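Line by line, the protein sequences are chains L and E. When we follow the working numbering, the leftmost residue of the first sequence carries the number 91, and every step to the right adds one. When we follow the working numbering, the leftmost residue of the second sequence carries the number 506, and every step to the right adds one.
Stretch by stretch, here's where chain L covers chain E in the computed footprint (C-beta under 8 Å, at least three residues):
#1 514-527
#2 535-546
#3 550-560
With the C-beta cut set under 8 Å, the calculated list includes, among others, these residues of chain L facing chain E:
#4 Arg206
#5 Tyr207
#6 Cys208
#7 Gly209
#8 Pro210
#9 Gly211
#10 Leu212
#11 Leu215
Counterexamples of contact, computed for chain L against chain E with all Cβ distances above 10 Å:
#12 Met110
#13 Gly122
#14 Leu123
#15 Phe224
#16 Phe235
#17 Lys311
#18 Trp335
#19 Arg383
#20 Pro410
These are calculated hints, taken from the structure and not from any lab test. Small disclaimer: the values here were computed from a predicted structure and weren't measured. C-beta atoms are modelled at their ideal positions from N, C-alpha and C, and glycine is treated no differently.
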Amino acid sequence: MGDSYTHLWSTTAHFRDNPMGIHWTGLVFGLGLVISFGYWTTDFLVVQRVLSAHNLRAARMSPIIGASFKMAVPFIVILPGLLALSVLPFHLVPQDIAIQTGQHSYNEVLPLMLVRYCGPGLLGLGVTALIAGFMSGMAGNVSAFATVWTYDIYGAFLNKKASDSHYVAMGRWCTFIGVLISVGTAYLVQHAASIMDYVQALFSFFIAPLFGTVILGMLWKRATKAGGFWGLLSGTCTAIGLWAWVHENPSALRYVALSVDAKAMAEDMYRALWSWIVCVIVTVVVSYMTQPRSDAELEGLVYGATKIPEEHDDYWYQKPIVWAGAVAVVFCILNVIFW
Amino acid sequence: MRGHSSIWLFSGILLLAYGLIILATGLWELAHPLVHPPVLNSLHAPIWWGAIMTVAGLFYTIRFRNHH
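Pulled out of the complex, with its shape left as it was, chain L reads as follows:
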């Protein structure tokens, strides 16, 4: 088994040396700085859990608890793949090759392992668990979709004075339509190199520039409405434009992903980084060209202009910073072990 299967960083000095075709700058700045921060701060699936916390400490603890579970994900996601690599009697290939040759694709690794090791009873349990996992992720996303549409767009701008029962009905229809849209978008995945590549491509289109807008809007008092709008629009257009450029002319990959050896996933990470940078630059430039808002208007919206409620912890182990530190230490240890 090659080093690239069991190490995080040691093979990322050059695009050629690892199967993802990525350089460490793409991982650190594209995935780490932009996509991951964006996912944790702007993806409503994550944010709604913090918004529904019953006090400030619970809200601060929820991403920390989430992070500690998130660190276990590689063991759940990558370990079955590594096991399959050593125990399956045949070699798994990428999806596009599998369609041509009739071999098994590496997207099928979990079902293949289930069929190999589980008899009729346990196989049913395994399939049930997979479906339950899909459903919980889907339910979270669809309910987030219904909430954002009904509360933040429909109720806030389109129909401000409707009855509660009207909004409930709207939310239910949103859930139904959201499921239909999800089913439809599943067909788009067929055109991506893998499911992960598809998700990262969407993240680079929407989450990466949105993170630039949210972080500047939250922390920078000088940011203006026009700056946020044009920054977000230009960031999203940059991402979609870069994607279309490489789609039409594959040789453009060496400009977008900095190397001819880059693969689809590396392209996603660099595309996210470029769209974030464009969003931030446009937001800053447009904000300086437009009229700033007074501190009084920004109260409750921007970090520097808002009084943060004080909280009191009785014991040291109730402080979120202690647990954040513990998670950071484990994170560093894991990175050293799997360097």
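Given the coordinates of chain L, work out where chain E should sit on it, guided by the hints.
Structure of chain E alone, referenced to chain L:
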């Protein structure tokens, strides 16, 4: 007013039901071997897993049954 049922009661009932079905399948396979057995079938995974899930399911069902 009726008492509230704990969420763990439903987890217990589900575990118990799954456990009994898997345990029964495993025992059935002892008497009627599969035509295409999965790898490592000699370890009788369905019996072990079915038994563990049945015990866990029983524990949660009894521990969190309705209080009146």
